[in-house]
Amino acid sequence: MSESPTAPLKTADGVSLKTSLRRAVRRSKLKALLLVSPLLAFLLIAFLMPLFDMLWRSVDNPEVSTALPQTSQALADWDGASLPDEPVFAALAADLEAGAEARNLGLVSSRLNYEKSGMRSAIMGTARRVDTLEAPYKTALIDINDDWGELATWRVIKRESSPYTLSYYLAAVDRQYSPDGEIVAVPDYMQVYVTLFWRTFWMSAVIMVMTLVLGYPVAFLLANLPLRHSNLLMILVLLPFWTSLLVRTTTWIAILQSQGVLNDMMVALGIIADEARWQMIHNKLGTIVAMTHILLPFMILPLYSVMKTIPPSYMHAARSLGGKPFLCFRRVYFPLTIPGIAAGGILVFILSIGYYITPALVGGQSGRFITNYIAYHMQTSLNWGLAAAIASILLFVVVVCYLVFNRLIGVDKVKLG
Amino acid sequence: MTQTLEAAPQTQAATDSACFARFRNVQKSYDGVELVVKDFNLDVRQGEFVTLLGPSGSGKTTCLMMMAGFETPTHGEILLKDEPINGLPPHKRGIGMVFQNYALFPHMTVAENLAFPLEVRHLSKAEIKQKVQRALSMVRLEEFGDRRPAQLSGGQQQRVALARALVFEPELVLMDEPLGALDKNLREEMQYEIKRIHAELGVTMIYVTHDQTEALTMSDRIAVFNDGVVQQLASPDTLYEQPENAFVAYFIGENNRLRGEVTELSGERCKVRLDSGETVFAKPVAVAEAGARTTLSLRPERVSLVREGSHDFENRFPAKVQEVIYLGDHLRTRLAVCGNDEFIIKTPNADGHTVLRPGETVEIGWSSADCRALDA
Ligand SMILES: Nc1ncnc2c1ncn2[C@@H]1O[C@H](COP(=O)(O)OP(=O)(O)O)[C@@H](O)[C@H]1O
Ligand SMILES: [Mg+2]
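Taken in order, these protein sequences are the chains called L and E.
Following our numbering, the numbering of the first sequence begins with 1 at its first residue and continues without gaps.
Following our numbering, the numbering of the second sequence begins with 1001 at its first residue and continues without gaps.
Heads up, some of the hints might be wrong.
List time: in silico EDC-like cross-link candidates among lysine to aspartate or glutamate, alpha-carbon distance up to 20 Å [claimed, not checked]: (1) Lys116(L) - Asp188(L); (2) Lys116(L) - Asp180(L); (3) Lys324(L) - Glu1112(E); (4) Lys324(L) - Asp1227(E); (5) Lys324(L) - Glu1071(E).
Calculated directly from the structure, the hints in this document are not laboratory data.
When you get a sec, could you build the whole thing from the sequences and use the hints?
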């Protein structure tokens, strides 16, 4: 050969091999892209954009800087050590006057009211009488409302005049800024979210373990019974998917409630007294039972797909080598199913911490999940920033779970069939 | 035709004491409708290499699984060293087993795989290490202890499977088509390897295969299986030279078949009228009386071309050459003889040998002793 071995290879017409390969591949790549573009567009509009909107809302803080622009600017140089000087008060008076005219002080007053109670009435009250204000504005404003004379008020306004805020995240973990601007725990009686996060996590873990305990033998049967029987069993496993989630959840109410089927049966059999019926629904037990049932297929299917690939000859080999049945299971079969356990576990856990409708229906007060508070802030309190912050924290947990799983087991191990 | 498979009378006394594993009238049905194994009898002597040979689906694996304890016989008894083991669970039988797909535990290294049977027997760490090393060197894989099975070639995995079945020193080893997944060269190498280890350790082996060459080269005795029944149990040369029924003759080696009816039967010789009208002299093997239908079996290499001065055959027939296949050291010629146009003869590619051409007519002949009259 005349060419040196390191010279780049060329095709017959003298184009370098790499270039011509890239050209050849580009066409098929384009075609592939075209095929997925409808789905891509759908995901972009229906999933990615709302996701980023949510993340954005959890830190977005436009109210103060848009409604009180001059005040925000005037406060920029303030050191926060003592009450601000006259120009800041004058700026506030000007902002309030403009705001009263444009009738756009509602948002900023409720925003500041989240941070410091009394701010709504301070702003709205002052705005109503802004016509009467005359210089010097400092004394005039303090005359109208004492809050303008408090250092804390101005610190809150200065802090919230930044276009971004962490206060939603702080609220989501039961923290807040103290009047001095330090991060402190909210008073005991107001603490809800941390407890709810923990409850969501540990109950999801319990549900995950329950689905594993109940699902492992079923998956084993599915993978090992003769085809005729395993098909029937598979239909039974998938049956819940054919029924509406609401129907399944409300059926559990019918079964578990104090006048429900199970209690009636136990009373009839004399196991419990009529007046001592068990409370099995609208509490944690209700949530765990109903969710375990609903999420069971998500544990069984990945387990099954892994178990199906384990030939019986492994167990035969282990037995013939002298292992007792349980030892063979523990040393040979079980380790081979770990990818399935992990896949099913992560799937159930992630689905569970994001579940909303079932805990809302059967969880009562004590069995509610953090998701139910996201819904509450979205629909009732309309504090979307806080809802977004809680949702973002959940998203973060899911992503961490996923990354850990991918690191330990590998996502390519997850199969559903 | 069903055989009783007791060893020949003169060795009966010897086998009774040395008989190691025994199937006695074993039957097996999976569905309660069909018998997969019909009446299986087999005595395996200590240190013997016995092969179960038969087409796919004939029940070989089922027999092995019953010996290993993974299937229970529907009827009959299995004995190990004269103890019935029907109720004994697999892990108490102490039988080594090699599976077709090796069944090496994929989550353990080679050394851990080999250590498994020793660990469940609670051997000391030092002892385990030493035995694992010895087993690895027996199959020449000393360097591979730390690899996972997936990092080994097919042949290496096969060796590990063999080593694992032997490392706990079982007295009986079962192998179910262990070489089925290997290519031809590797298969021959492993056949030799298994024979070497068998000779070295003196363990008793029951080997299953559907490959007759493998069975013929490796075994002390072969049980030919068909239809859930042992058709013949004999040493390889006996099986080839003296097949006792049409299935064995057909299954082992190449074989020409001619069908007809026995007209005369007298001790060492019988006269058969073929369906095409000719009369052939043959050796009666599995014909009961004159008038019975029979299949004549004739090995291709036992048929000769009749030439000037060649010795006289009892059976001589004209044959029309259909096809000649050149195979280097010999020629395979397909002929039309006595209404059978799939009749094969083999002629050595030797100096001065007649070259046949398709379309030409020649005369062929064979002796009655080489032509076995078997069941229809
Ligand atoms: N576990 C089983 N259940 C039902 N039928 C089986 C089972 N195993 C084997 N069979 C049937 O028994 C017959 C013999 O099978 P097998 O012993 O595997 O034959 P071989 O090993 O000679 O190929 C086959 O017809 C097969 O379909
Ligand atoms: Mg088989």
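Against the structure, the hints come out as follows:
For the hint linking Lys116(L) to Asp188(L), the alpha-carbon distance of about 17 Å falls within 20 Å, and the restraint holds. Between Lys116(L) and Asp180(L), the direct Cα distance comes to roughly 12 Å. Compliance with the 20 Å bound is thereby established for this hinted pair. Distance check on the hinted pair: Lys324(L) and Glu1112(E) sit about 17 Å apart at the alpha-carbon level, within 20 Å; holds. With a CA separation close to 34 Å, the supplied pair Lys324(L) and Asp1227(E) exceeds the 20 Å bound.
Proposed proximity of Lys324(L) and Glu1071(E) is supported: the alpha carbons are some 17 Å apart, at most 20 Å.
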